[in-house]
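A.B. asks: Each chain is listed here by its residues.
There are 2 protein chains.
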Amino acid sequence: MNPDITRERENATFDVEKLTHILDGGIEKTKRRREIESLVISDPDFQSEDLNFLSRSERYDAAVKKSAQMILKLREYGISDPEEIYCYKSCVHRGRSEPLDLHLGMFLPTLLNQASPEQMETFFIPAWNLEIIGTYAQTEMGHGTHLRGLETTATYDPATQEFVMNSPTITSIKWWPGGLGKTSNHAIVLAQLHTQGKCHGLQAFIVPLRSMNTHIPLPGVVVGDIGPKFGFDEVDNGYLKLENVRIPRDHMLMKYAKVEADGTYVKPPSAKLTYGTMVFIRSMIVGEAGHALAKSCTIAIRYSSVRHQSEIRPGEPEPQIMDYQTQQYKLFPLLATAYAYKFVGQYMNQVYHRITGDISQGDFSELPELHALSAGLKAFTTWTASAGIEVCRMACGGHGYSRCSALPDIYVNFVPTCTYEGENTVMMLQTARFLIKSYRQASAGHQLSGIVSYLNESERRLQPQSVSSRPTVVNVNDLASLVDVYKLRAARLVKLAAKSIQQELQKRVSQEDAWNNSAIDLVRASDAHCHYVVVKLFAAKLGEMGDTGIHSVLSTLALLYALQGIQQHSGDFLQTGLLSVPQLSQVSQRLKELLAQLRPNAVALVDAFDYRDEMLNSVLGRYDGNVYEHMFEWARRSPLNKTEVHESYHKYLKPLQAKL
Amino acid sequence: MNPDITRERENATFDVEKLTHILDGGIEKTKRRREIESLVISDPDFQSEDLNFLSRSERYDAAVKKSAQMILKLREYGISDPEEIYCYKSCVHRGRSEPLDLHLGMFLPTLLNQASPEQMETFFIPAWNLEIIGTYAQTEMGHGTHLRGLETTATYDPATQEFVMNSPTITSIKWWPGGLGKTSNHAIVLAQLHTQGKCHGLQAFIVPLRSMNTHIPLPGVVVGDIGPKFGFDEVDNGYLKLENVRIPRDHMLMKYAKVEADGTYVKPPSAKLTYGTMVFIRSMIVGEAGHALAKSCTIAIRYSSVRHQSEIRPGEPEPQIMDYQTQQYKLFPLLATAYAYKFVGQYMNQVYHRITGDISQGDFSELPELHALSAGLKAFTTWTASAGIEVCRMACGGHGYSRCSALPDIYVNFVPTCTYEGENTVMMLQTARFLIKSYRQASAGHQLSGIVSYLNESERRLQPQSVSSRPTVVNVNDLASLVDVYKLRAARLVKLAAKSIQQELQKRVSQEDAWNNSAIDLVRASDAHCHYVVVKLFAAKLGEMGDTGIHSVLSTLALLYALQGIQQHSGDFLQTGLLSVPQLSQVSQRLKELLAQLRPNAVALVDAFDYRDEMLNSVLGRYDGNVYEHMFEWARRSPLNKTEVHESYHKYLKPLQAKL
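If you read the protein sequences in the order shown, they are chains A and B. Under numbering that gives the first Met the number 0, the final residue of the first sequence carries the number 659; numbering is consecutive throughout. Under numbering that gives the first Met the number 0, the final residue of the second sequence carries the number 659; numbering is consecutive throughout.
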């Protein structure tokens, strides 16, 4: 054990194990998670060479191998709880996406939700047993977020009772679905349904892609891998071009909408039923943002405690780089953010399950709010976490660029969350739409409920006379007071965005152009709203902490999170008259004090995330802090060192020397 | 040609070709650059498969092959001007780093600068003819930026007149030098010189690493590749462990410092002589930041003009995504930044050459300022450009993640500039040191010269009474007025940082701790200083534009750059009393107008950067805008599609299906 990191642990002021339980959601959950991790890590079937040393084809190969093993073992061990399956899977693939993700996460659930009982009978058991390996093909080359623009067609032919599936244009080629390129033999294809001369919009169809015997693509099916990407080397994201592919009528998923034998289209009872999955995945991503940032902070903070560099005081030994104020200022606010997002993730999960219960009883009332919240928070947290991972990486200096740090991998595997499941800017604007609608209701005197109810309250408090008097009552050392300031900032920026739309309308532009011409303000309002929600939930979480030591260190983190947000957006707080210039100086001063205060607990706070070395897979983030010898050992194993002399020497350099 | 992009070009209001000449530095330079590009692009020896489809070993192999060809052809064509060599090399390797970079860019120049005449005779011709292939080994596992901390030792043994080279610890292993792993047979090794029982600090030694005949590492030399990184797949960044390797006395570079036969150490006449290269490389990086951002903007803006998505007005065709205000707000300020950095790069280049002239005449007076400026600007521009590349990438939606967009490559190849040649935070603090020193001189009544002279002026203007009256005189539509505001912001923040140090000193902490406890403020001050310099140089450049059309569009860009910076840092401008709240609202409003104003010229402005498709190598950034068909074609060529059925199906999936 590196003596520096031992000393850091000795200086901690709280019980690390207890904090781990809080993060896991209880002592029993910690125990079970560790059991599952041990099960995977000690399993010889899941040992493999460092993925960084493999080609893409080898990485895909290794992932398919592990996924196949995983399916067998989950059944062998009888692991069936969705959360436990997720945990097992994350361990097997070390948090990476894998070729069967969409089979397990989209194909099977979509069957469960949208197949008729007869269809369940036909498809579910074969899919469960991986005779049918499926994916979910929605995105096309020309259309991602805008679903109505999808161009793939399914035209019903009553003569044969078949749908004729087509990709009529180059932009209509399905593009990106995971597992589509090489792994799947079926896909649920989203296509525009045409029957009896009319288009009835998007429906889902089960389309066989490859022979069940030979795995060779079926006639009319042009399918393949979309080529190398920024990360996601293990996944065969694919393309699919359909050329007059005929499928039987019962291959359209018919639990809700239906096409009868003669081609008559029967509408579904409600359009809201397919909302759920989307909201669930976005809520999950918020927790993933916390997770990705927590891993990055673990690596950067442990490394900062064992790396010594330069000098603060001449003549003295080189300090740990964590002693530099600039290093603390890079890492500690991100550590606070990681905690914040983990807690918000827990909250979203609870809300989702509560609301799902309501929905199953036919109560959709809270869905719009959850939809708006999950959209905005997904964007807010993924943007911040992505940028934060890179800050952590660069805080490790040169070694952060080595694949052995694991940080490049964390980045390329996480950053796509900014784009998939709803492009972030579009998400922010969806939340803004809900905020503006709520604001207008509040202005019209309606009483709002839920998280936006502050728009009522602030409508009253934000009258000009009260604005000028506010700064004096804010206490920058009091979290409750800061939550209040974040709330008022959000209210103010929602109002500003609404005003911008109003001003545009007065120029006689259309509603739609007024919206587009105010989009910058709308995104800013959503951002402030999400920031308020995060600060509020972090503060609320503190109320649940019984342990004094933990309460104390998490209060410091929460305060740091809130104050750093204010410093970064100081213009907003000044512009809206919520804080004064002297108060901002106080904020800066207090921030520095908080950094120094957190310093002794920094390593313990990342230890509490409880990532085993095998899961983190980072030489810089090792628990024992012995980074240099392991970096050397890792490098020596790398492929270019398999021979002392690379063949290119004989092929090019030696001949060149002879010619000069 | 895609009709959308044709229409964009028709709408441009200025002469693109003339702007290209300005960016190149004159019509003749444009002509010559294009000649060199054509020479490389039409050369069959430089055709290769898409690098994205190769393994790392294959990419290294391809790069060595091209570099060997390049050396031969440069001589064949008689290209010897350094700028032209650089241009040719960039074309051959498409802007990527390559295995001979350090031989050409560091080994040969270091010989030229630091070898004695006798050493030149021994080493230069063999090195010129690549008999000796060299690299420059400075960074160690444990030390990067802090050179005094390097641990490699060179101990003089007068008995044999040799130096004994050692890597005494694991942290002393040389780590990162490009070309060290497999390519080089020699290295200039920076090591602590020990002779006659005393350490004389860092000296440079020529150390043979591999046999000149077999390329096998010599006894005592442990050398290899450091393993895969975030990008830089073509370069064999290496490690080097020296175990009692003996080199003759004349292998220490002895133009300045010397060790005599008996071991007597002779000091160099001036320590400033080795400063130059560092300053030059940092200045170059500023231009590279403009270059990387220009390429990214070219891709994202062209793609935004041909990509249609969603709807602004219901029922109408899907708009080009460049019509969304949020898209404009992402891309146009970055476009302005790319222009700004290109102009700053030109300026730095000129200043460097002027000052180098002075230095060669023994005049070092301007060196400290250039040193400080190049350090800060290197950090300021590389941080912004790195983040900006990712914004461009994500503005391309899902397709920005595909390697065929080229954006992932631009990012991983550029982002290391934030760390190498001086870690950015350390660079900012170096600039801050110069600023604080200058501020103290100004406060003591000294008249400053050069770029920091504003610290004199503002010291007078920033008296409290004038502050409160300032906001009224700022004109947010006048660039000169904005330059002034940036200047005062910088002055204010330098003063704040100085005040912070003062306050710390009053708490009786040491100078060094006071500095560290104020580091956040110091970085902020440097940042503001650099921002001022960039705005000022952009404004100054406008004065050189004779063409009305070009002057007009670049003025819009410069104004956009200045106003967006104010909006992003509005807290600074409000906090220092330089702008009022109503003025900030004006800034926001004006920004939106500028985005709309730039919209018709956006494609033409990236066309003016004049990147040939072969250089950009981006499907999304194609000049003809025909992105989708080429994306499909690219994907079909990718390695996973070489077989219809991947072997993993037979190895794992079919057996799994049989077991379930």
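Don't read these hints as lab results, they were simulated from the structure. One or more of the hints may lead you astray.
Note that identical chains are pooled: a pair holds if it fits in a single copy or bridges any two copies.
[What the hints assert, rightly or not] Pairs of lysine to any residue residues, derived as SDA-like cross-links and limited to a Cα-Cα distance of at most 20 Å, are as follows:
| # | residue 1 | residue 2 |
| --- | --- | --- |
| 1 | LYS28 | ASP512 |
| 2 | LYS591 | GLN510 |
| 3 | LYS329 | ALA386 |
| 4 | LYS653 | ASP60 |
| 5 | LYS266 | GLY200 |
A.B. asks: Now look at each hint and say whether the structure bears it out.
C.D. replies: Verification of the supplied hints:
For a Cα distance limit of 20 Å, the shortest separation of LYS28 from ASP512 qualifies neither inside one copy, at 51 Å, nor across copies, at 45 Å. Taking identical chains as interchangeable, the C-alpha atoms of LYS591 and GLN510 lie at most 20 Å apart only when they sit on different chains, with a minimum of 17 Å there against 46 Å within one chain. Taking identical chains as interchangeable, the C-alpha atoms of LYS329 and ALA386 lie at most 20 Å apart whether they share a chain (11 Å) or sit on different chains (16 Å). Only between protomers do LYS653 and ASP60 lie at most 20 Å apart by alpha-carbon distance; the minimum there is 14 Å, versus 36 Å within a single protomer.
Taking CA atoms no more than 20 Å apart as the test, LYS266 paired with GLY200 passes inside one copy only; the shortest distance there is 11 Å, against 83 Å between copies.
In summary, the structure is inconsistent with hint 1 from the numbered list given earlier, while agreeing with all the others.
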